[in-house]
Amino acid sequence: MKTLTVQRTALTGNYAVAYAVKMAKPHVIAAYPITPQTTIVEKLAEFVEKGELNASFVNVESEFSAMSVVYGAAMAGARAFTATSSHGLLYMYEAVWWTALSRAPVVMAVVTRTIGPPWNIHVEHNDILALRDSGWIIAMAETVQEAFDLTLQAFKIAETVVLPMAVGVDGFILSHATEPVEIPPQELVDKFLPPRRPDVPLALRPGNAITFGNLPSDNRIHARHKAAIYQAHQEAKAVITQVDREYGKMFGRGYQGLVEWYKASDAKYIAVCTGAWCSDAKDAVDALRERGVPIGLMRLRFIRPFPREEVEKLDQYDLVVVYDRDITPAGGILGIEVKSALRRAKVVNIIAGIAGVDFDNRNFYETLQRALEGKYRDVEVVI
Amino acid sequence: MSFRLDLLPKKKYVVPGNAACAGCGMMIGLKILGMALGEESVLVIPASCASVVQGLAPKSGVAMPILNVPFASSPAVATGISEAFKMLGVKGHAVVWAGDGGTADIGFAALSGAAERNSNIIYIMYDNEAYMNTGIQRSGSTPRTAWTTTTPTGKRERKKDVALLMAMHGVPYVATANIAYPQDFYRKLKRAAEIQGFKFIHLYTPCPPGWRFDPAKTVEVARLAVETGAWILWEYDNGVFKLNPPSTVYADKSKRRPLKDYLKLQGRFAHLTEEEIKALEEEVDAKWNTILKLAKL
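Sequence order for the protein chains is A and B. For the first sequence, position 232 matches number 243 in the working numbering, and the numbering has no gaps at all. For the second sequence, position 203 matches number 421 in the working numbering, and the numbering has no gaps at all.
Excised from the complex, chain A in its bound form (with noise of 0.2 Å):
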């Protein structure tokens, strides 16, 4: 095992997650361009071509095709993948929930953008959220270590649970940021990610005359087929914390599990969010803490399967405030979903960073302190 080195490289996000894809060797890729998601595929495009990684890389004429090619691999046993942002997400978003309603195990980079009009290539989260509903388990990164690790976690995870999983990597601010990286020896990987089971949700075979997806004779088979989804979801919660055991082990680095807290065991006051802006958050945190403020955080590592045991912790902090770079008819997604979850604390929702406009530490440390103040709306947009 010491023999094994591991290799520490500067990569950007979108690189990282081609990396992690390639060493999870898929056999099905399927892609349609958009920004800022093209060079994740563009990256194992140049793999398959050197023949580094032995998969087929289909280029497809849409993203709805995209989807139902790895769609159709999956389902016929092949481990599949495809990224997709923004517009491509919701141009496939019948495929999308067609995919988890199957239960087929594709993994699926979100390179997260703003939804137009007007055109617009930034980051924002309601691209990613909107698989919300659909059976997707959904996880966001903070780093490009972190996007790195989620892909390949996600391959076993999805594997396991036989949902598809979607990983989520901030457009630009990660998918385009170089950051130090650890990449595991393939042997080791090869470890942790044995080859798929091909005959997992259905044999789909020559010869086996089985039918999926036709009318039921009763509406009931159906009904539990979805209810079977749900409980998948309750399910994957320890199989997540699990795999991210075992990688924990065997990569010499993990994480918490669905969501990483942040000084919060002492803390009277917690701020929530998911992403890249994390980090920035976290620099708040610091600095409000060296001016004595009680404050902690909570990441959502996780938005599918919801946390609801972790997030339900957050009844005991004296003010909550969720920070959503997204933005709804109704508030911020996060708040909403936070909040469906308490009983007694206070919360905030802060929508921000919304179409890409720059949210940074200063920003988390100025709203932070406005809402501390009491001066802020349940639901409040800042720009």
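If you are wondering where the hints come from, they were derived from the structure by calculation, not from laboratory data. For every residue, glycine included, the Cβ atom is placed at its ideal position computed from N, Cα and C. Hints should not be assumed to be uniformly reliable.
Said to hold, decoys possible - Ranges of calculated distance between the beta carbons of each label pair, as one might list FRET restraints:
(1) Glu494(B) with Leu112(A): 41 to 51 Å
(2) Gly235(B) with Lys237(A): 22 to 32 Å
(3) Leu515(B) with Glu105(A): 21 to 31 Å
(4) Leu112(A) with Thr367(B): 22 to 32 Å
(5) Glu198(A) with Glu334(B): 35 to 45 Å
(6) Ala214(A) with Thr491(B): 54 to 64 Å
(7) Ala214(A) with Lys496(B): 51 to 61 Å
(8) Pro191(A) with Lys277(B): 55 to 65 Å
Stated by the list, open to error - To spell it out: a stretch of chain B is covered by chain A in this simulated footprint if at least three of its residues, at any positions, have a beta carbon under 8 Å from a beta carbon of chain A; those stretches are:
(9) 274–282
(10) 305–313
(11) 473–484
To be verified - Derived pair list, reagent style SDA-like, types lysine to any residue, alpha-carbon separation capped at 25 Å:
(12) Lys324(A) with Arg231(A)
(13) Lys304(B) with Ala214(A)
(14) Lys304(B) with Phe223(A)
(15) Lys36(A) with Lys277(B)
(16) Lys304(B) with Pro212(A)
(17) Lys248(A) with Leu353(A)
(18) Lys304(B) with Ile221(A)
(19) Lys324(A) with Lys357(A)
(20) Lys309(B) with Pro205(A)
(21) Lys61(A) with Leu306(B)
(22) Lys237(A) with Leu274(B)
(23) Lys309(B) with Asn70(A)
(24) Lys309(B) with Gly62(A)
(25) Lys277(B) with Gly62(A)
(26) Lys277(B) with Arg231(A)
(27) Lys277(B) with Ile232(A)
(28) Lys61(A) with Glu334(B)
(29) Lys277(B) with Phe223(A)
(30) Lys230(B) with Arg216(A)
(31) Lys277(B) with Pro209(A)
(32) Lys309(B) with Asn219(A)
(33) Lys304(B) with Glu57(A)
(34) Lys277(B) with Tyr376(A)
Since chain A is already given, all that's left is putting chain B on it; use the hints.
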């Protein structure tokens, strides 16, 4: 390729429990598909009559593996299956069995994409010339003048010729077929199965409730389509375009039966005036001119 009818597989691929209408032309096609490729294929079926008449899960009225998929996705899903089979070393064909709406309309971008990248799939468009499953709404493949529930006084636009469009993609194999000529369809399926790359078969399948004719006359209507020249059997095999019998005979217009014989059996054409029939006859002639020119190239 020749074969003996008595040597065709005896196994039934369309079995009791399927929910097709009496006289369904599509189900005749599915039986022939089963005989030709039933043991070596996985079917991909998008939203269509074929998706609702398979029988009720957990049972099935079709003895072939079937993956039901979203309306516009079938060429791409079949591509994924085909690529997975290649990478996993599984032998077999990914076969799409899709209706005319799923092919000519909502699925056309995905179909064109699969053709352009030469995906190794067999795509069969069974053409009943309207959205029958949802209640006879017009599609891009509905012929001009035909009554449908969304063209109550008759469709004003011409039928989209999907087979010719696919041939113009320059794919390895395109053919038309008709359920009244099972040997021809069977042969074309077997030929398609020999070829690597994208294969497209446009299968004519009359629909008694949608076309308003007696369910006992499905094969008769289908045969009349060929005998009047309204449906032409041809194939485009690796760059060679040729007519197939019995359409070969009807290249000579004098051998064709009057178009009226075909139209009068179908309630969807009952409202036609003599001028409209004449205009349709001219369209048939124009189509023949195109096909004959292509066959001479």
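Consistency of the hints with the structure:
For glutamate 494(B) and leucine 112(A), the hinted distance range of 41 to 51 Å is satisfied, since their beta carbons lie about 46 Å from each other. Evaluation of the 22 to 32 Å hint for glycine 235(B) and lysine 237(A) yields a pass: the beta carbon distance comes to about 25 Å. Look at leucine 515(B) against glutamate 105(A): about 40 Å separates their beta carbons, and that is not inside 21 to 31 Å. Taking the beta carbon of each, leucine 112(A) and threonine 367(B) are about 30 Å apart, inside 22 to 32 Å as hinted.
Remark: the range hint 35 to 45 Å for glutamate 198(A) to glutamate 334(B) is upheld by a beta-carbon distance near 40 Å. Checking the proposed 54 to 64 Å range against alanine 214(A) and threonine 491(B) shows it holds: the Cβ atoms sit about 57 Å from each other. For alanine 214(A) and lysine 496(B), the hinted distance range of 51 to 61 Å is satisfied, since their beta carbons lie about 56 Å from each other. Evaluation of the 55 to 65 Å hint for proline 191(A) and lysine 277(B) yields a pass: the beta carbon distance comes to about 57 Å.
Restraint check on the region 274–282 of chain B versus chain A: 8 residues with Cβ-Cβ distances below 8 Å, three needed, restraint holds. Counting residues of the region 305–313 of chain B whose CB lies closer than 8 Å to any CB of chain A gives 7, which reaches the minimum of 3, so the coverage claim holds. Coverage of the region 473–484 of chain B by chain A is violated in this model, with 0 residues showing a Cβ closer than 8 Å to a Cβ of that chain against a need of three. Note on lysine 324(A) and arginine 231(A): the hinted pairing is violated, with a Cα-Cα distance of about 35 Å set against a maximum of 25 Å.
For the suggested pair lysine 304(B) and alanine 214(A), the alpha carbons sit about 16 Å apart, so the restraint of at most 25 Å is met. Between lysine 304(B) and phenylalanine 223(A) the alpha-carbon distance is near 21 Å, which keeps this suggested pair within the 25 Å criterion. Our distance criterion of 25 Å between C-alpha atoms is broken by lysine 36(A) and lysine 277(B), whose separation comes to about 36 Å. In summary, the hint linking lysine 304(B) to proline 212(A) is supported, as the alpha carbons are separated by about 19 Å, within the 25 Å threshold.
Between lysine 248(A) and leucine 353(A), the direct Cα distance comes to roughly 19 Å. Compliance with the 25 Å bound is thereby established for this hinted pair. Distance hint between lysine 304(B) and isoleucine 221(A) is fulfilled; the C-alpha atoms sit about 21 Å from each other, no more than 25 Å. Taken as a hint, the lysine 324(A) and lysine 357(A) pair is honoured in the structure, with Cα atoms around 13 Å apart against an allowance of 25 Å. For the suggested pair lysine 309(B) and proline 205(A), the alpha carbons sit about 23 Å apart, so the restraint of at most 25 Å is met.
For the given pair, lysine 61(A) sits about 20 Å from leucine 306(B) by alpha-carbon distance, which is consistent with the 25 Å threshold. Using a Cα cut-off of 25 Å, the hinted pair lysine 237(A) and leucine 274(B) holds, with the two alpha carbons roughly 18 Å apart. Among the hinted pairs, lysine 309(B) with asparagine 70(A) is consistent with the structure: their alpha-carbon atoms are about 23 Å apart, no more than 25 Å. Annotation: proposed proximity of lysine 309(B) to glycine 62(A) holds, straight-line Cα distance about 24 Å (limit 25 Å).
With a C-alpha separation of about 44 Å, the suggested pairing of lysine 277(B) with glycine 62(A) is violated against the 25 Å cut-off. Distance restraint check for lysine 277(B) and arginine 231(A): the Cα-Cα separation of roughly 15 Å lies within the 25 Å cut-off, and the hinted pair is therefore satisfied. Distance hint between lysine 277(B) and isoleucine 232(A) is fulfilled; the C-alpha atoms sit about 12 Å from each other, no more than 25 Å. A C-alpha spacing of about 23 Å is found between lysine 61(A) and glutamate 334(B), which places the hinted pair at or below 25 Å, so the restraint holds.
Using a Cα cut-off of 25 Å, the hinted pair lysine 277(B) and phenylalanine 223(A) holds, with the two alpha carbons roughly 10 Å apart. Distance check on the hinted pair: lysine 230(B) and arginine 216(A) sit about 19 Å apart at the alpha-carbon level, within 25 Å; holds. The suggested pairing of lysine 277(B) with proline 209(A) holds, with an alpha-carbon distance near 23 Å, which does not exceed 25 Å. Restraint check for lysine 309(B) and asparagine 219(A): satisfied, since their Cα atoms lie roughly 13 Å apart, inside the 25 Å limit.
A hinted pair counts as satisfied when its Cα atoms are at most 25 Å apart, and lysine 304(B) with glutamate 57(A) qualifies at roughly 20 Å. Distance restraint check for lysine 277(B) and tyrosine 376(A): the Cα-Cα separation of roughly 61 Å exceeds the 25 Å cut-off, and the hinted pair is therefore not satisfied.
Comparing the model with each earlier hint shows violations of hints 3, 11, 12, 15, 25, 34; every other hint is respected.
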